[in-house]
Structures are given as C-alpha cells and as structure tokens.
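> Read off the chains here:
There are 2 protein chains.
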Amino acid sequence: MLAMTESTGFLDGIVRGTPVVQRRAMAKAITLLESTRPDHRQQADALLTRLLPHTGGAFRLGISGVPGVGKSTFIEALGLYLIGQGHRVAVLAVDPSSSVSGGSILGDKTRMEHLSVHEKAYIRPSPSSGTLGGVAEKTREAMLVCEAAGYDVVIVETVGVGQSETAVHGMTDMFCLLQLPNAGDDLQAIKKGVMELADLVVINKADIDPDAATRARAQITSSLRLLGLHGNPDHVHHDQKVWHPQVIQISALHGQGVDTFWSAVSEFKRLQTANGRLAARRQHQASAWMWERIDAGLKQRFREHPRVREALDLFTRQVQAGELAASTAARQLLERFD
Amino acid sequence: MLAMTESTGFLDGIVRGTPVVQRRAMAKAITLLESTRPDHRQQADALLTRLLPHTGGAFRLGISGVPGVGKSTFIEALGLYLIGQGHRVAVLAVDPSSSVSGGSILGDKTRMEHLSVHEKAYIRPSPSSGTLGGVAEKTREAMLVCEAAGYDVVIVETVGVGQSETAVHGMTDMFCLLQLPNAGDDLQAIKKGVMELADLVVINKADIDPDAATRARAQITSSLRLLGLHGNPDHVHHDQKVWHPQVIQISALHGQGVDTFWSAVSEFKRLQTANGRLAARRQHQASAWMWERIDAGLKQRFREHPRVREALDLFTRQVQAGELAASTAARQLLERFD
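Sequence lines, in order, name chains A and B. Under the numbering used here, the very last position in the first sequence is 452; numbers go up by exactly one each time. Under the numbering used here, the very last position in the second sequence is 452; numbers go up by exactly one each time.
So here's chain A without its partners, still in its complex pose (with noise of 0.2 Å):
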C-alpha cells in the first residue's frame, strides 16, 4: 500500500532522521497534511495514526497579540532564550486572514532573523486554507509533526482575526495574551471573550512607560479576578492548588523579563501537571476539536445539498425579515435534508 509505505518513510525521517533529513521530512508531511486531495487526505490520516503515539511531548504555548504587540520580536527573544536552555523550539501560526492577504504574520521569516536560521528551531507560517476551521486543524496537525520531531517547546501564534483566539487556546496547554502598557486607555482595543481566555497577560513594552505598565498590570489584575476565574466550574479538589491567571511586566526588545515569563510558564506547568488540569485540557481539547470538525462537515453538507441550496436563501431572508420563525425555517430546512 503506498500510503502506508509514504507515511512510513515520512514517520522514520520526522521521528530519527539527521537534522536535514528530519526538516525536510517535516516540511513534506505538513505539506501532505496540507493538501485537500482526497487521496492525499488518506495517506495524511494513516501519517497522523502513525505519529500520534511519538507526539504530546511538548508544551504547548500559545501567543497573541495586536499587530504592533511585539509579538515576533517576543518570540524570537524567547525561543533563543529556550533554546539556551537545551530547548527545541517550534513555532507555528494561525492566521485566518492569509489565504486572502496573503499572510499578515510569519509570512516573512526575517522577522525573527536569528530564530528563523537556528538548527534548534522549526518555524513554519500560517496554512491558507481560507477557514478559520481549516487553518486551525492543519495548525494542530503541524503540531503534532513538530512533537514527533523531538520539538519540546511548540508556540502557536494569532493575531487575533475573528475567533483565532479561540482557536489557539484550543489547541495549547497555556494561553499567553501580549498586552501594551496601555491597556487601560480606550486606545488600545481588547477583543470581547479575548481577556477571559488569558492563562497569564504579558505587558511588553514596559519600559517605555513605566508607570502605564504598572497601572495597567494592577487594572488587568483585578479585572481578571473579577472576571469570573472563581466562578470556572472545572473540577479541582479544594485542597489542590490551582492556577490563576496573572500579569507580568516585560520588555522583549531589550530581552528584559523573558526569564520572568518562563519562570511563570513552568510555575503554571507544574501547578496544572500536579492538580490534573493539563491532561483535563488536553483530553477536553480532543474532543471539542472532533466535535468542531463533525460540526464543520455536517453543516458543509447541510449546505451542500441540493434541496437545502434551493430554500436556504429565501428561508434566510424571510427569518430576517420577520416573516418565518427562526425555529420553524430550521425545522423546514432539516425536513429537506435528507
């Protein structure tokens, strides 16, 4: 069977090949994982199966930001960083808005010029699959390619086009939001449901002005306590200790408080290890993405069909008209599929 034969060989040159061997191994699963043809599709699903027991071993960061942030400047502190620790640092990017723009981030590897060219590093920009569904899914399957490798440390970033928020944090074990020292001001805008999914909010930038980062970090503060944290009805006992969100202060361009940072990722990696809540993610995070994809393919269908097509636009128009109930529009539609 060739496609057991392809994965193979792909599985052998991500999981042990030499340096250049396992980039380019690398490259060419996520490019099959990438393909929409179906029987591209087949072979990439038998890949995956394959992967999948050589994959979880990494932690999974996930980063986002306003354009202007510092993002990759931050990344690029940080990956060097973590890699001067023994790390290998993978770097990937959901970005919804590519297929059309043709990539508004890590479309240009110079800007992380130094990260970019380092052995230790895997950088791969954002797919353009036109959906925020589709990228994110070839996203998280690069990801898994990347811990196949032996990457320990894969950072996922957005810029935050429509739900890709929502996206990262439901593929990543942590979910770091970059913040500017003005957080506070109405200059700055903060998309709605983008705070609350915040693990720890980094204020970069500190340095130039102080004073506003301070305020911020103690407004950001309360307003996250207040925000609710308490009130998540995830299932820790009492006397385990569990993570609350918090805020640092840094500056990445002058590589001041990337150790801070990290010191506050493990300290959440080892409070999560310990009370359960990493695995509980992780396994949550399965099956809400199996769930996302089944919900993807049926609505496709749903639209897809013909009796559907034929009545979709008028029963639209006539419920945003007023002329048919919501409720009724969807029951006469689901009569129709059949």
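Heads up, a few of these hints could be off.
Identical copies go unnamed one by one, so any copy, or any two together, can satisfy a pair.
[Said to hold, decoys possible] Here are the simulated SDA-like pairs of lysine to any residue, each with C-alpha atoms no more than 20 Å apart in a straight line: (1) Lys234 <-> Arg130; (2) Lys383 <-> Gln397; (3) Lys355 <-> Ala378; (4) Lys413 <-> Phe451; (5) Lys383 <-> Asn296; (6) Lys234 <-> Val275; (7) Lys306 <-> Trp357; (8) Lys355 <-> Ala388; (9) Lys306 <-> Ala394; (10) Lys413 <-> Leu166; (11) Lys306 <-> Val356; (12) Lys306 <-> Arg391; (13) Lys383 <-> Leu428; (14) Lys306 <-> Gln277; (15) Lys355 <-> Lys383; (16) Lys306 <-> Arg339; (17) Lys306 <-> His398; (18) Lys413 <-> His398; (19) Lys383 <-> Gln136; (20) Lys413 <-> Glu449; (21) Lys142 <-> Leu125; (22) Lys413 <-> Gln446; (23) Lys355 <-> Ser149; (24) Lys306 <-> Gly284; (25) Lys413 <-> Arg450; (26) Lys306 <-> Leu392.
In short, the hints are calculated from the structure, not lab data.
Starting from the known structure of chain A, fit chain B onto it as the hints suggest.
Frame of chain A, contents of chain B only:
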C-alpha cells in the same frame, strides 16, 4: 385543515381576545408550542407563522444573576413600576435545570406575589424540555406569543445554569446582570464570559453596604472598559453614538433605583434604535437562532445514525486517549454518516 383552524382560533384569541379569553389562548398556544408531538409541531409552526406579523413590538429585556441576588424582588418592583407607567409586562424564564429539579426559578409564582396576580402582567415559568437549546427555543416562541398579545415589555429571566445567559442574551434586546455589592470579593463567583454579555450591570442590595457597592461599581466599570468593548467589531459609523455598558446601584427591596434602571434601559433603547444596532441585533439573532437549531438537529441525526452510533464511543475514547487524531476520527465518522 384542522391545524389552520386551530391556529387561527388561537391567533384571534391572542391578538384580539378579551383579557380572560386572551390569557386562556396564550396559555393554550404556549402549551401547543411546548408540545413534542409531531402533529402538534406542525400546528405550532403554522401558528408561529401567523403570529409573526403581530410580534416584535416589545422591548425584550434579559435579566440574569446568581440565586440570592434578588432577581424576583427586582422583577416584581420593576414590573409594577412599568405597569404604573402604562406598560404591559410579560415575565418568562430560561432554566435548563427545571426538567431535573422541578425548576429553581419562577416555579413558584408567589415569589412575585403582587405582579403575578396583576391583570397587566403575564408570568410563565420555564419550560422543561431538558436541553438548554430546547428550553430556550420554547421560551423564544412563548415570547412571540406575548408580543402578539400586546405585552410591550418582555422580561426573560435566568439563573445562569450552563450557558443559559448566552441563550437569553441571544433572544433579548438588552442583557442585564444583577450583582451583589461584594462583586469584587472572591465570595462572589461570576462565570467566565458572562460579564461581557452585559449591557447593564445592576448592583442590587446597595443599601446593605454602600461603600462596597461604590467600590464594586468602580471596579466593574473599569473592567468593562478593559474588557474590550471598544474592540467590538460591530459596524457603526464613527459619527453615531453607541451604548457603552454601564453600572448602576439599586435596592430593589426598598424600591430604590428602579426608575434609574428604567432610565438606563430607555437610553439604551433610544441610542441603539437610532444607530441601527437594535435592528441589527434582532436580525443577527434570528439567523443565529435558525443555525443553532439546524446544528442541534444535524448533531442529533448524526448521533442517532446507526453506523455512527456503533463507532462513536470507541472513536471518542481513542481520541481522548491520544490513539486517534481528532481530525481523523471526525473524517471517519462523517464517512459513516450518509
């Protein structure tokens, strides 16, 4: 056709009946809408379609808050105040726990003893359909019945079980969150994601601890600003005024602040009508509602499909155990669904 005759009879009673006839027709209609019998469902859809031209005239107000915050007292005070201003007030509830527990809210009308017996008020407990989606759908349909009957303020109450705040937010023009004065303390849990749904936060029982209430107000105001409401991607021209979430203090038990509350609601309504957001919100809600019901229907069919059913448990376990990639499992299950 029996269905048409029946629904026409209901319709006349609801829209034009004397108070007694109307109340009886409303109760019958809502019971029909809540029925799960397939033949009833057809009649219900026919009724809904005929009701629709008579709906949409009410202001739809969502009110949420944890048990003990004083929702019933507040809604009773508000309802009587509004009736005094010439309004007719309907109170509905979304309580997904009601099918299990027998209902934790509005099961006992005596909790609003004056409002519940007032001829200008209509109070209906939460339907008990089991799933949140089902409960919310029935409540949304009951709201249409109330509007067709000329109730011009519809209050939808929830205690916030599961995602019920999101459901209520998705069917109302304005979402208000009741809080106790100690909102900033660890004592009071706010669920993740709820604060940012709020158009208005109401600190009730402010008289008990005025200092705490003032502190809470300042803190919540600051958090709401930080929460990124300025980053809300809604489409409004820059020269148009938009509503920014506010925080007010009241003491419902002593009847204090109900007028302040209603002023805020009226200002919200005025602004959001002028800038078009109210209409846009309803239109968005209608499509979102249709798709929510389609998704629920598709997922139910998927789960009940014989070839999916025989594999779903095994695949789910394998995905959670990390033996099968989530995306692979999704694709293979979708192949079984035909």
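> 20 Å Cα cut-off: does Lys355 pair with Ala378 within a copy, between copies, both or neither?
within (15 Å within a copy, 42 Å between copies)
> State whether the alpha carbon distance between Lys306 and Val356 is at most 20 Å within one copy, between copies, both, or neither.
Between. Shortest inter-copy distance 16 Å satisfies the 20 Å Cα cut-off; intra-copy 25 Å does not.
> Given identical chains, is Lys355 near Lys383, meaning Cα to Cα at most 20 Å, within a copy, between copies, both, or neither?
Answer is within: at 12 Å inside a copy they meet the 20 Å cutoff, but 45 Å across does not.
> Using 20 Å as the alpha carbon limit, work out where Lys413 and Gln446 are close: within a copy, between copies, both or neither.
Both. Shortest intra-copy (16 Å) and inter-copy (16 Å) distances satisfy the 20 Å Cα cut-off.
> Evaluate Lys306 and Leu392 at a C-alpha cut-off of 20 Å and name the case that applies: within, between, both or neither.
between (25 Å within a copy, 19 Å between copies)
> Are the CA atoms of Lys355 and Ala388 at most 20 Å apart within a copy, between copies, both, or neither?
Answer is within; shortest intra-copy Cα gap is 8 Å, inter-copy 50 Å.
> Is it within, between, both, or neither for Lys413 and Leu166, if the alpha carbons may be no more than 20 Å apart?
Neither: 28 Å inside a copy, 27 Å across copies.
> Can you give me the call for Lys306 and Ala394, within, between, both or neither, at a CA distance of at most 20 Å?
Between copies only: 18 Å across, 26 Å inside.
> Given identical chains, is Lys306 near Arg391, meaning Cα to Cα at most 20 Å, within a copy, between copies, both, or neither?
between (25 Å within a copy, 17 Å between copies)
> With 20 Å as the alpha-carbon cut-off, assign the pair Lys306 and Trp357 to within, between, both or neither.
between (22 Å within a copy, 15 Å between copies)
> When Cα atoms must be at most 20 Å apart, do Lys383 and Leu428 count as within-copy, between-copy, both, or neither?
neither (51 Å within a copy, 30 Å between copies)
> For Lys306 and His398, with the copy left unspecified, which applies at a CA distance of at most 20 Å: within, between, both, or neither?
between (23 Å within a copy, 17 Å between copies)
In this structure, the hints that do not hold are numbers 5, 6, 10, 13, 19 and 23, in rising order.
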